[in-house]
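Asker: Make the full structure from the sequences, and use the hints.
Residue-level listing of the chains:
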Amino acid sequence: MLTFVIRRMIATVFVVFTITVLVFLIFFHTPGVDPARKLAGRNPSPETIKAIKHQYGLDRPLPVQYVILMEKLFITRDLTSYSNQGQKVVPEIVAATPVTLSLVLGAAVIWVVVSIIMGVAAAVLRGTIFDPMLMVLALIGISMPVFWLGEMANLITQDRYHDTFLFSWVPPLGYTPLTQDPVMWFKHLVIPWLVLSVLYIGLYARVLRADLLETENEDYVRTARAKGLSERRVLLRHTLRTSMISFVSLFGLDFGVLVGGGALLVEVVFGLPGVGLLTYQSLISLDLPVIMATVIYGAIFIVIANAVVDVGYAWLDPRVRPA
Amino acid sequence: MSTVGGLEHPIDPLADAPPEGWVAGRSPWALAGHKLVRNRMAMAALAVFLGIVVVSFMGPFYADHIAHTDPFTSQLTATTVINGKRVDVLQQGGGVLKLGETPIGPTWQRNYFLGADSQGRDVAARVLYGGRTSLTIGIGSAVICSLLAVIVGMVAGFYGGVTDSIISRGLDVVWAFPVYLLAISIATVLLTQGLTIGPFSISASSLWLPTLIIAVIYVPYVARPVRGAVLSVREKEFIEAAIAQGASNRRLIFNEILPNVITVLIVLLPLMIATTILTESALSYLSIGVQPPNASWGTIINDGQQLLYTRPWVAIAPGIMIVLTVLSLNVFGDGVRDALDPRAKLRVKD
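Those sequence lines, one after another, are chains A and B. Quick note: to get our numbering, add 4 to the position in the first sequence (first position is 1). Quick note: to get our numbering, add 119 to the position in the second sequence (first position is 1).
Quick caveat, the hints were computed from the structure, so don't treat them as lab data. One thing to keep in mind: the hints can contain errors.
[To be verified] Derived Cβ-Cβ restraints for the label pairs, each shown as a range:
no.: 1; chain 1: A; residue 1: 275; chain 2: B; residue 2: 270; range: 38 to 48 Å
no.: 2; chain 1: B; residue 1: 159; chain 2: A; residue 2: 285; range: 43 to 53 Å
no.: 3; chain 1: A; residue 1: 237; chain 2: B; residue 2: 351; range: 39 to 49 Å
no.: 4; chain 1: B; residue 1: 228; chain 2: A; residue 2: 194; range: 38 to 48 Å
no.: 5; chain 1: A; residue 1: 74; chain 2: B; residue 2: 460; range: 40 to 50 Å
no.: 6; chain 1: B; residue 1: 270; chain 2: A; residue 2: 7; range: 30 to 40 Å
no.: 7; chain 1: A; residue 1: 237; chain 2: B; residue 2: 289; range: 25 to 35 Å
no.: 8; chain 1: B; residue 1: 350; chain 2: A; residue 2: 11; range: 15 to 25 Å
no.: 9; chain 1: A; residue 1: 285; chain 2: B; residue 2: 411; range: 12 to 22 Å
no.: 10; chain 1: B; residue 1: 205; chain 2: A; residue 2: 176; range: 54 to 64 Å
no.: 11; chain 1: B; residue 1: 364; chain 2: A; residue 2: 72; range: 57 to 67 Å
no.: 12; chain 1: B; residue 1: 270; chain 2: A; residue 2: 136; range: 37 to 47 Å
no.: 13; chain 1: A; residue 1: 7; chain 2: B; residue 2: 284; range: 37 to 47 Å
Even for Gly, the Cβ is constructed at its ideal location relative to N, Cα and C.
Answerer: What follows is the structure in structure tokens.
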């Protein structure tokens, strides 16, 4: 297990390194694009461009430029935005991170818990109306743009049905930190959590159901029954644990997609001041230093999250460890 | 000599009529096609998708001959007739505060069927034009992505060795890079100046830009299964036979391997188009996809955000179109997969 963890860590470092190189090349060496001009924001003065050229060492060799950028991002953390009057980028991202973490972790909890419950229920109730219902939910989940679903949720909870008893508790769009008022934090986030997780619940419940039904036929499940274990114990301790394997590996991939895509869009729709909204605002003003920093930090977070999920996967399923 | 239906019916190539009990052999393609056509769900989904394509490409006809409007220029002073009365398209003093201008809501008539947007433009006509853009980009990028992926996957799988490890490691890195973040990086760099490589140049407002960006970011997702298929086909005996006959690499690739790998692509293509359409709408919603004056379903949803509580149809209509399109492609794609490759566990990530 330890060898696996170490090997996975080395691979992660390698991937993080190549991703930073890739981002560096995209932003600084796309053919026909002058990076100093792009970094300076809209309508820059010639002095700003000259200052940027000097600051980022754009007249020096490629590896030096790369090192300067990494130093600005991770060591001195003094990357500045030019569109936004010298605002320091990295502290801004750090300040926005708790919002994004609240959003994605909450959504992930709902997504995992609800889809396990629904998957197990579907396996137990197989052959009933539950199966086609789950299939419809899964299909709609993968076919609906998350930002549109969020807007429809806003339309219903903020406007059309806001004055009914169902949604009168929904606060106006925005965010309250957990440390300030936990109840308000929860109220602000519960609709975004549901919007974000509903896309995955149907699909995951179906994957789990299929795996549960497959595992049912394994010899060790029969052995467990033969030993006289209760149905519930067989299901929870024997069948479910093995069936979770493909669930967990899929989750690792989709969690990254959620952080890098769905969460960004949901933050924009619900006005949650997280890293996604920050990215969106800098896309509007074409504030490249901010976009560059959020992309790199976001990608690194996702790569590390994937590595953690892989380790969890190896813990669940010893067979993958030597791979 | 080949036999059909058992050894007792050898086929005599010189006989005029097929012998008694002869069963026409069907190619795997015909069998798969037959299976697909009998799948009612898949056929219904295909009909829905083709219907959306036809209706969207009728956009110019609808705008010119039915709604009589230009959906791309501001119509701030336009008027329309409702119940015999002439009314302004942008009505003064709507909303709660009785201030500012509110565009007209759905009239359910020939013009302004779904109402107008904040610039007085016909939403229904814009949704059709937007559909044309979204579908073109979605289908175009899926096709370009498949072509690139076949080249990459074929080279990696066929030549193997060092070539394969370099390509595969490269694909792994792009795979680990979240697609939306990659698309954002490329799009922001190219957004204001466009792309110029040698003699080729693409302007920043061209539809080619989002098409190519989306095509490139999904290459690893298609190249991986292609490479896998090439690797497994390579080991088959008929390849060995072709090599023994002295086949060149070119013949091996194009005549022996490619026809056997193409199934992977056909299975993936509808699901790919579904994914690329969703990606295009998200990028356009974030204002880094399709640029004005062009419109796509994503940009119209973005336009509708400001009008969400007063005129919700501006945002609802393009969303419904996206859901119908993507849903029909997913259902049809499932049918294609069942017909061609029932045991496959392929899944396009979004």
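Asker: Now, for every hint given, state plainly whether the structure supports it.
Answerer: Comparing the hints with the structure gives:
1. 275/A x 270/B: 38 to 48 Å: 44 Å Cβ-Cβ, so the 38 to 48 Å window holds.
2. 159/B x 285/A: 43 to 53 Å: For residue 159/B and residue 285/A the Cβ distance comes to about 48 Å; the hint holds.
3. 237/A x 351/B: 39 to 49 Å: 41 Å, holds
4. 228/B x 194/A: 38 to 48 Å: 41 Å, holds
5. 74/A x 460/B: 40 to 50 Å: At 45 Å between Cβs, range holds.
6. 270/B x 7/A: 30 to 40 Å: 37 Å, holds
7. 237/A x 289/B: 25 to 35 Å: 48 Å, violated
8. 350/B x 11/A: 15 to 25 Å: Holds, since residue 350/B and residue 11/A (Cβ atoms, about 24 Å apart) stay within the stated range.
9. 285/A x 411/B: 12 to 22 Å: 19 Å, holds
10. 205/B x 176/A: 54 to 64 Å: The hinted range 54 to 64 Å is violated for residue 205/B and residue 176/A, with Cβ atoms some 38 Å apart.
11. 364/B x 72/A: 57 to 67 Å: 58 Å, holds
12. 270/B x 136/A: 37 to 47 Å: The hint (37 to 47 Å, Cβ to Cβ) holds, given that residue 270/B and residue 136/A are roughly 41 Å apart.
13. 7/A x 284/B: 37 to 47 Å: 22 Å, violated
Of the numbered hints listed earlier, those contradicted by the structure are 7, 10 and 13.
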